[in-house]
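Student: If you want the building blocks of each chain, they are given just below.
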Amino acid sequence: MRVGIIGIGMTAFRPSTPEYNWKELMFEAASRAYADAAINPREDVDSFITCAEDYYEGFGIFDEFVPDQLGAALRPTCTVSGDGLQGLANAYMQIQTGLIDVAVVEAHSKASDVVTLDGIIEHALDPIWNKPLGAHPFVVAGLEADAYLRGTRTSPKALAAVVAKNRRNGLRNPLAAYGAAVDADQAMQSEERFAPIRALDISNPADGCVVLVLASDRAAKKLHADPVWIRGIGWASDSPSLETRDWTAATYARIAADMAYRLAKVRRPATDIDFAEVDDRFSYKELQHLESLGLAKKGEAGTRVLRGDYDADGRFPVNVSGGSLGCGNVFEATGLHRAGEVALQLRGDAGVRQLDGVRVGVAQSWRFVPSATGAVAVLGAGP
Amino acid sequence: MTFLDRTTDARKFRHWEGDVEADYIYTSGVAGERFFVALRDEGRMLASRCTACKLDYLPPRMFCEDCFAELTEYVDVPRTGRVAAVTVAHVDRTGAKLSHPQVWAFVTFEGIRGGLLHRLLVAPKQARAGLSVQARLKSRDGRTGTIVDIEGFEPVRSRF
Ligand SMILES: [Zn+2]
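The listed protein sequences derive, respectively, from chains A and B.
Counting with my numbering, you get residues 1 to 383 for the letters of the first sequence.
Counting with my numbering, you get residues 1001 to 1160 for the letters of the second sequence.
Bound-form chain A, shown alone (with noise of 0.2 angstroms):
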C-alpha cells in the first residue's frame, strides 16, 4: 500500500514567539496542515503522533498535554520522544498495517522558553562517563567535526560555504528565522567556539511547529488528493555511548538511507535523486550526512560546496529551504519541517525557491547533540 503526504503545515520559524504559547503554535500549524488537505479533523484522522521530548517541553508527561490543540480529542493519539521524521515513520507504518487510513504527524519547538537551553542539551551527556567532566555539550560536535576533516581531507573553507549558501537560501524563504546575506569570509573569521567550529557554524535556536497530514492511496482518492508519495523511509541509532560510536562517518544516517533507499528502490542515490534537506545544524554536519547518505563519495562533498554544485541553482540543490542555518534550529521539528520542504518542492509549491523539474527527493534528520540518531525518507511526486 502506498502512504502519501497530502497536508503540509508549517508557522514561520522565529528566534520567539511572544504572541503564542506552545499548545497555539500546534494549533495554528495544524490549522494550516487540515485547511492544505482540506479535511476536517475531527472526522477525517484516524491517528495523531507527536513528537517531543519532556525536557525540551519543561513539563512532564507531554503526550498527556496534546490532544485538544490538534482536534484530537477522544481520538487514538501517541507521542513519539524523538525527532519529527521518526513520528512520519511511524505514521507510515500505521497506515501499512491497514487499520489507519489517514494520520497526522506533529512536531515544534518552543526553544525560545528555555532559559537554560545548554543545559537541558547539557542533560543528554552520560551522567557518569561524560558529564562530570564540565563540558559544554557541543564540544561532542566539536570532536566530531575534527574527525571528520581530518578523516576526509575537507577544508574548513567547505565549512565557510555551507554557511554562506544556507544563510543566503533562508532570505529566499518566508518562513525562514536567520536568513542573511553572510559570505564565506564572515564564517571564517567568527568567533572560534568549539574549534574547528566557529560562531556561524552553529545554527541558531527558533520556534515552530510542523504538521503533515498521511493517507494511504485509497484515503487520498476518496479525499480527492494530489498526494506526494513517501516512497521509501527508514530510522536508525548508531551505539548510544560516545565512546563506541563512529566519529568521522554520520553511521546511523548511512543505515536509514539503506533502509529508505531499498523501500524506495533507489539504486544509485547520487542520480536516482534531484535534491536533498539534510540536518546542517552544524555546518559540518551537512557534509558529512551529504556523504553518508551516498550523495556524495568520502571526502567530496567540501569540495563540491566550494565548487556550487550545492546552490539552489547548483547541479545538486542541497537545503534550499536554508536549512536550520538559515531557518534556526527547530529541535524536534527539524526533520520534519524538511520532509515538508521536500513535498512543497514536489507539488511545486515552494515560491521563489522553486526548483526546476525535481521528481525525487530525500529529507534526513539528526537527533541533534550528542545523539547519534537519524532517519530518512525519500518522497516522489505523483500519480
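I should point out that these hints are in silico values taken from the structure, not numbers from a laboratory.
Yeah, the Cβ is synthetic: ideal placement off N, Cα and C, and Gly gets one too.
Please note: incorrect hints may appear among the correct ones.
The calculated SDA-like cross-link candidates involving lysine to any residue, where the alpha carbons are at most 20 angstroms apart (straight line), are [what the hints assert, rightly or not]:
#1 K131/A x R1093/B
#2 K131/A x A1022/B
#3 K131/A x K1054/B
#4 K1054/B x T244/A
#5 K1097/B x E191/A
#6 K131/A x P1101/B
#7 K1138/B x P132/A
#8 K23/A x H1015/B
#9 K1138/B x T1080/B
Listed next, with one range per pair, are the computed distances between beta-carbon atoms [to be verified]:
#10 G119/A x R1157/B: 53 to 59 angstroms
#11 R1011/B x D313/A: 40 to 46 angstroms
#12 E1151/B x S237/A: 41 to 47 angstroms
#13 D54/A x V1037/B: 30 to 36 angstroms
#14 G308/A x V1037/B: 55 to 61 angstroms
#15 A73/A x E1017/B: 26 to 32 angstroms
#16 S237/A x R1157/B: 52 to 58 angstroms
#17 E1042/B x S237/A: 44 to 50 angstroms
#18 K157/A x A1123/B: 22 to 28 angstroms
#19 R1140/B x D54/A: 38 to 44 angstroms
#20 K157/A x D1092/B: 25 to 31 angstroms
#21 P18/A x V1148/B: 37 to 43 angstroms
Covered stretches of chain A (chain B as the covering partner; in silico rule of three or more C-beta atoms under 8 angstroms from a C-beta of chain B) [stated by the list, open to error]:
#22 111-117
#23 137-147
#24 241-247
Since chain A is already given, all that's left is putting chain B with the ligand on it; use the hints.
Tutor: For chain B with the ligand alone, coordinates are given in the frame of chain A:
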C-alpha cells in the same frame, strides 16, 4: 548586523517564570564500580572483556552491545593512548565565554573498543590529533572514585 543579532530571550515578553527541580544521584553500577575503585585505589584503568566477540570495552560495561553476553572479565587498558579527535572550547558548560580556552580530546587505546572523552592538558596551540598521551591522575588522597579522578591526558614525553 541585526540579522545576525536577533533576540531569543523570551524573558523580555509576558511570561511566567518556572523551574524544574531535578536532582539525582547517578549509580555507577557494577562495571563502573570496578573501574572507579581500581582507578581510585590502584591508579589503573580497566576495560570489560567480551570473550565471545573478542572485544574489550572502555568505558567498561556489564553487557556486550553486540552479542548481549554478560561481561565479568576485566583487563587493563594500555597506559598510553592516542588522541583520536581534539577540540578547543571557547565557552564553558553554560555557554559563557572562557578567558582561557579548554582543550578536549577523545582518546583511544590500542586493542580497545571505545575510549575516553576528557581534558587534553596542553596549550590550545599544541592540541592536535595523533598525540600519544597518558592519563594524569589526582594524588591518591584527592581521588574519590569518579571520572574526575583523572585530571586529563598529557603528552607522553618523547623517547628520542
Ligand atoms: Zn559480545
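Student: With 40 to 46 angstroms as the target window, see if R1011/B and D313/A comply at their CB atoms.
Tutor: holds (42 angstroms)
Student: Next pair to validate is K1138/B with P132/A; report whether the Cα-Cα distance is within 20 angstroms.
Tutor: holds (15 angstroms)
Student: Between K1097/B and E191/A, does the CA-CA distance stay at or below 20 angstroms?
Tutor: holds (11 angstroms)
Student: When you check the alpha-carbon spacing of K131/A and A1022/B, does it fall within 20 angstroms?
Tutor: holds (15 angstroms)
Student: Cβ-Cβ distance between E1151/B and S237/A: within 41 to 47 angstroms?
Tutor: violated (32 angstroms)
Student: Taking a Cβ-Cβ distance under 8 angstroms as contact, does the segment 111-117 of chain A have three or more residues in contact with chain B?
Tutor: Since 5 is at least three, the answer is holds.
Student: Take the C-beta atom of S237/A and the C-beta atom of R1157/B, compute their distance, and say whether it sits inside 52 to 58 angstroms.
Tutor: violated (41 angstroms)
Student: Given the range 53 to 59 angstroms, decide if the beta-carbon distance of G119/A to R1157/B lies inside it.
Tutor: violated (39 angstroms)
Student: Given the hint of 38 to 44 angstroms, is the C-beta distance from R1140/B to D54/A inside that range or not?
Tutor: holds (42 angstroms)
Student: Could you tell me whether the CB distance from P18/A to V1148/B stays inside 37 to 43 angstroms?
Tutor: At 41 angstroms between Cβs, range holds.
Student: With 22 to 28 angstroms as the target window, see if K157/A and A1123/B comply at their CB atoms.
Tutor: holds (25 angstroms)
Student: Three residues minimum, CB to CB under 8 angstroms: does the segment 137-147 of chain A make the cut for coverage by chain B? Let me know.
Tutor: holds (count 10)
The structure shown violates the earlier hints numbered 3, 10, 12, 16 and 17.
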